[in-house]
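Could you build all of it, start to finish, from the sequences and the hints given here?
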Amino acid sequence: MRLFSTLLIGLSSGAIYSLMALALVLVWRSTRVVNFAQAGQAIASTYIGYLVISRTDNYWLALPVALVAGALIGALVDVALIRTLNKRVKSGPAAEMAPVIVTLGLLGLIRSTVGMIWGGDLKAYKAPVTNHGFTFGTTTIPFSPYNLLIVITAVIVMAVFSIIFQKTNLGLSLRAAAFQPEIARLAGVRVDLVRTIGWAFAGGAGAVAGVLVTPSNSLSPNSLDLLLVLGFVGAVIGGLESLLGAAIGGVVLGIGLAFILEYVSTSLAFPSAFIVLILVLLIKPSGILGKKGGRGA
Amino acid sequence: MHKSRSIRLLVFIVIALAAFFLSNVVDELRVFQGASLSVYIVAIASIVLLTGYSGQISLGHGALMAIGGYSAVLAHNHWKVSIPISFAIAIVSTAFFGSILGWAAARLKGPYLAGTTLALAVGLPSLANQFSVLGGEQGLAFDVGAPPKSLGSDFTQYKWYFWICALAALIIVWITQNILTSRYGRQWRAMRSAPISASLSGIHIGRSKVLAFTISSGIAGLAGAMLVMTLNLVTPSAFPLSLSFAIVTGAVLAGVTNLGGGVIGALVLVAIPDIADLLAGKMGGAEKISANLPGFITSLILIVTVLLLPNGPKLSKLVSHKTK
Amino acid sequence: MSLIIENLTVRHGAITAIDSLSFRVNERELAAVIGANGAGKTTLLRTLSGLNEPIGGSVTWHGESILHTKPEDLVRRGILHVSDGKTVIPELSVKENLALGGLWRKDKKDVVVATDEVIDLFPRLGERLTQSADTLSGGERQMLAIGRALISRPKLLLLDEPSLGLAPLIIDQIFQTLDSLRHKLGLTVVLVEQNAMSALGIADTGIIINLGKLVTVGKSNDLKSDPNLRAAYLGY
Amino acid sequence: MFGSIRHKRSLVAAATLATAALTLSTLPAQAFSPHYEVGVSASTIKLGITIPLTGSAAPGYNKVPAAMSAYFNYVNDNGGVNGRKISLVVKDDAYLPTLAVAKTNDLVLKDKVFAVVGALGTANNKAVASSVNLGRRGIPSLFINTGYSGFADKAKYPTTYPLLPSYIVEAKIMGQYIKDNYAGKKLGLIYQDDDFGSDAQAGFKAAGVKFDVSVPYASGSQSAASGAAWVGKLKAAGAEVVVVFGVSSATGVALAASAALSYKAQWILGSVGGDATTLKALGVPAAILTGAQGASFLPSPGDATDEYIKQFQDINTKYNAGAVFDNNVLIAMNTAMLTVQALRAAGSNPTRAGLMAALESKGGSFASASFSPILYSSSSHVGYTGYWIGKYNSSGVMLPDGGKYTLYTTDSGAGAVNTVASKRPAMPAKGLPNN
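First to last, the protein sequences are chains A, B, C and D.
FYI, the numbering for the first sequence is 1 to 297, going by this note's numbering.
FYI, the numbering for the second sequence is 1 to 324, going by this note's numbering.
FYI, the numbering for the third sequence is 1 to 236, going by this note's numbering.
FYI, the numbering for the fourth sequence is 1 to 435, going by this note's numbering.
FYI, nobody ran anything at the bench for these hints, they're computed from the structure.
Remember, it's a predicted structure, so these values are computed and weren't measured experimentally.
Any given hint could turn out to be false.
Listed next, the in silico DSBU-like pairs over lysine-lysine satisfying Cα-Cα at most 30 Å (straight line) [unchecked claim]:
| # | chain 1 | residue 1 | chain 2 | residue 2 |
| --- | --- | --- | --- | --- |
| 1 | A | K126 | D | K391 |
| 2 | D | K280 | D | K235 |
| 3 | D | K46 | B | K288 |
| 4 | B | K288 | D | K310 |
Far from chain D, by Cβ distances over 12 Å, these chain A residues were calculated [said to hold, decoys possible]:
| # | residue |
| --- | --- |
| 5 | D57 |
| 6 | V65 |
| 7 | T84 |
| 8 | S162 |
| 9 | Q166 |
| 10 | L193 |
| 11 | V276 |
We put the CB at the ideal spot given by N, CA and C, even for glycine.
Below, the structure written as C-alpha cells:
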C-alpha cells in the first residue's frame, strides 16, 4: 500500500513536471533555445487564471483562459523577442549565450511586471475537487481526487499534443521545422509561423502546469521557479529532443523524488534531483530515450 | 611578440597606478564598488577564457566561486595562512575540482553542458548546508583584518579590500591575457572555430577542453575568494543562481572573446542596479511598483543590450589588446 | 522570357561568391550550370531559392522579381529547390517527407494524384512509405527529394548536384528520369553539376562559371565539343 | 587584554575615520548644520532598512517596510520626534548577503542614514555588520529581524541590537511546555535542515526533549509531495504531538497534508511559521488550524481585545490602507514604535552614540507589544527572551490557555526555563510614545 501510494503521489507531481518539461522541449526543438522565461510565462498565465477564479470562482473557466493566455504570451515572446534575437545574433561566440541571457532577462521582466500588477504577497485559490486523500477501508492515502485530476488533465494535454504532432498537417510542419528548418522551408513550410505556434503550444502547456500546481502550493511572482528547474531536469532526463521523452522524464523524476522522500530522506530529495541530472548526463548523455551520442558533437 | 608583451605589462602598470590613485580621490562607496568591480572582472575573465576561447558554456561558475570562497576561508581560519596564500589555495582547489568537472563537461555540448553546470549552481550551495564544518546557512566569518598600519591611519577598510582585489584582478588578468595569446589560447580558438581541422592538425580536443575548464575554474575560485573577502563572510546564499547568470551576462556584454571588454561588462553589472534604483526613484509610484521597478529596468536593460550589441560594445576593441 | 538573371552579386562576409553574374534560361529549357568546386554554383541556387540574400543585381521569373522573397513563398510560385540527398528529413518517414510537398497546396485532390504519380515513377519509395527516411540509400533519398518537389507541381526546378555520391548506374537512371520528366511536365530546370558530361548530355544550355563569374554560355552540344572548355572546365 | 587592544585600535580608527569623514564629506553641510549627527537635520531623522521586497523570500517580509513607514507617518502627523519627522529609506536585498552589504553601503554612504532599523536575516546581518563595519563606524543597527543568538554578543557586534528571542530560546520553551503537558505522548518534529533547524534541535536537547520521529526538510524544497511524505512518516511512527519548526510555506504544506490524510495530532507551531493569515493564504483549512498550539512573543495579530493590537490595527487602517494586519505588520509596527522611543530617549539632538546609550540604559522600560521584557544593558544586547504558548481558535486567532498569558523565559545557554506572570508597560495614549 505504501509502495502503491508513493507511486501515485509521484505520478501526480511528475505529471506537472512533465508538462513543464514538455514546454521546454517544444521550444528547444523549434528554436534551439532553452527558455528560462518559461517559468515567467507560466506565472503570468497562472495569475491571469487566478484573476478569473477570484472574479468568477470558477476553476473550469480559469484553466482554459490561462491556457489561451499562456499560448498568446508564448507567441508574443517569439514574435517580439526571439525572432529579433535570431535575426541579430546569428553567429559568433555570443550566439549560444545570448538566448540564455535574453530569456533570463525576460524571466526577470515578467516577474517584475507580475509583482507590479499583483504585488509580492502570497495568493491562493482552492482546488476544484477535494484534496482529501482517497480512503480504502481505514487507510487514507495522500493521493486525492485533485491529484487524480492533475494526472488526467496532464494526460489529456499530452494526448492532444501527441495527436496534433503525429496525425495532423500542422504537426508534420512542426516536426519538419524543428528537425530541419531549412529543408522544411524549401518544401514550403512557413517555418517562422510554425515556430511561433510551437512557442504558443509551449506557453499553453506551461500555463496548465502553473494552474494545476498552485492549489497545492501558493502563488507569488517566484512560486514557479522550482517547477522550472525540475521541469528542466525532467526534460534532460528525457533527452531534450523528444516530447515523449519529456513526458516520461518528468514522471520518472516525480516518482523518483517521491520514493527518495518516502524511503531515503526527506531532506535529500531536493539535492538528489541535481545528482540524478548529473548522473544521467554523465552515464547516458542522450537521455533515457535519446539516441547514442546525441549530446556530443 | 616580445615587444607587445612588454607594452602590455606597461599598460597594466599604468592601469594599476591609475586605480590606486583613483582610490584616494573618490568616496568610500565608489571604493567599495571598485572592489566589487574587481571581483566581477576576474569572474568574467574566467568565462571569457572558457566560452570565448574554448567554446564551452557554463551557467555554474557561481558554484565554482563558492568552492574558491569556502577554500580560502577554511584555509585562512584553520591554518591561519595569509591572504595571498589563502587566495592561492582557493585557485588551486577550485582548479582541481574544475578539472574533474571539465573532464565530465568535455563530453557534453551546448544545452547539456549548460544544464549540468546549471544543476551545479543550484545544487552545490544547497549541499553546503549539509556540512557543519562549512557553517551552514549562517556561514563562516572571514576576517582579513585591518589594513597594515604602515599605510597610514586614514587608510580605510574598503580601500584595503579594493587594493587587494584590484591587485589580484590585475595580476590574474595579466596572466590570463598571456595564456590566451600563448599556444593554448591559439589552440582553443582553432578548436572553437574549426574543431575538425583543429583535431586534424594534432590538437587533442578533449584534453584541451579540460585544460580550459581547469584554468577557468581556478580563476573563478579566485573571484569567489575575493567576493567573500569583501563580504567578510562565506555562506551558501552569497552564491545564488543569479550570480552565475550575472557573470555570464557580464561576459556577453563585454563581447565574449574580449578580456579587456570584461572591464566594461563588470562596470555594467555594478552600475545597472544603481541606474535602475535611480530611475525607479525618479518614477516613484505605489509600493508594489517601486519594489519591482529596479528589477524590471535591470531586465529590460539586459535584453535591449544583448539585442542591440550581441557581440559586446565596439568600444571594447579600443580598450584591449587585439585578441582575435 | 523566363528566368532572367542580371548582374547578380552575392557575398559571404569578405568573399564574393557570385560576381555580377548574368544569364537567362528559357521556359521549358534545361540549363546545366557547370563549374569546379567553389565556383559559386550552390550559392547561385541558394540565392535563386531565397535562402541567400544577394547584395546586388536582379532575378526575374516570368517577369516578376524573385529576390528578397522567402523560400516558402517561392515554393508557392512553383520554384522548387532540390539540393542533393540532404533535402529529405531523416527524422520523418518517407510518407511524411512526401506529404510535406503537398502540405501548403489548396488542391488536395491533386496532391493525392501527384503522390500516386510519384509512387508510380519511383516504386521503391512506394515500398518504403512507412520507413524512416534515415534508412534510405543515397539514390532513394534523391528520388524522395525529387518526388517531394514533384508533388508541389513545380514550374522551375533548381537541382543541386543530384549525382553527388551516387553510383554511376544510379546517376544514369536519375538523369534519364529527369530528362523524361521535364519534357512530360514542361519543367524549366536549372541543374548544377560537377559531373559535366552527364549534365550536358541532357541539357539544352550549358553555363560555365568560375570563381563566381560567368565564363561562357552556349548550346550544350557546342560546349561539349569545345576542346578548350573541355580541358579547362569539363574535366574530360 | 587582547580585546582591549583591539578595542583601542578600533576606537582610534573610528576617531580618525570620523575626522576624515568630517573633513571630506560633510564640509558643505557643516556651514549649515554644524552640530547635527549624520542623518539628522533640524526637521528630519533619516533611517534605513534592507529587506527582501522581491525574490522567493519576499512574500510576507515585503509588508514590513510599508507598515513601519505607516507608523512613522502616524507619529510624524502627531508632532514627530522632538519636532523632527522620521523618514525610512527602503532597500531591497532580495535576501542575498552580497546585496545586503551593497545596499547597506548605499544607506550608510550615499543616503547617509542615522541608523539601520529592522534589517532581516542572519547571514545578511552578519555580513553587513562585519563588511560594512557598523561597529567601527559606530552605526547602530536596531531591532534586527532574526532569531540567531550570536548577535547578542556585544563584543563582536557592538552596534547591532537583536530584538527577537533566539530560536534556541523558543525551542527550549516549547520543550519545557511539552514536558509539562504532554509527558508520555509520542512526539514528532518537522524542522528545516539548516542552522534554523539545528538551533531548534539544540534548544530541544537543552530542554531534555527527545522526539520519536524527526523529519528534516531542505529549505526551499517543500511541496505538496514532500508534505505527504512528512505526514506519512509522522503517521507511521504514531506521533501524537508534532512540533513544526519551519517557515510558513513548510508549515502550510505539513498542515494541508495532514488534513488531506486525515491525520490528527496536536500541532505545535513555531513562531516563524505560525502566522494564521499566511497559513490561510497558503490554503491551510481552518479546521486543521483550530486547536493547534503555537509559541509567540507577541499577542496574536487577530486579538483585537489587546490594547496594542487594537491601536496598531487603527493606525494600519488609516496609514497603511489595504494591508492585511498579520504578524509581519505587527512586528513592523512594534519595531517602529520601539524605534520612536529610542529616538526620543536619545534626546533633542540625537547622536548615534547617544541613541545606543539610551537604548542600553532605558530600553528595558520601553513600551512594546511583547509580553517579554527587553534585556538591553551596557553589557548585553539580548532583547526579548520569552514566549507564551497559546491555542488557535476557529477564526485563526491564537489565545492563551485559560485566557491568561503565562510567559516562559530562558536564555540561549543552559539556563533553566522559568515561568513568570506577564507584565508589560501599558500602550501609551493613542499609541504615541511619551517616554
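Notebook entry, point to check: For which of the previously enumerated hints does the structure constitute a violation, in increasing order of number?
Noted result: Hint check: nothing fails, all pass.
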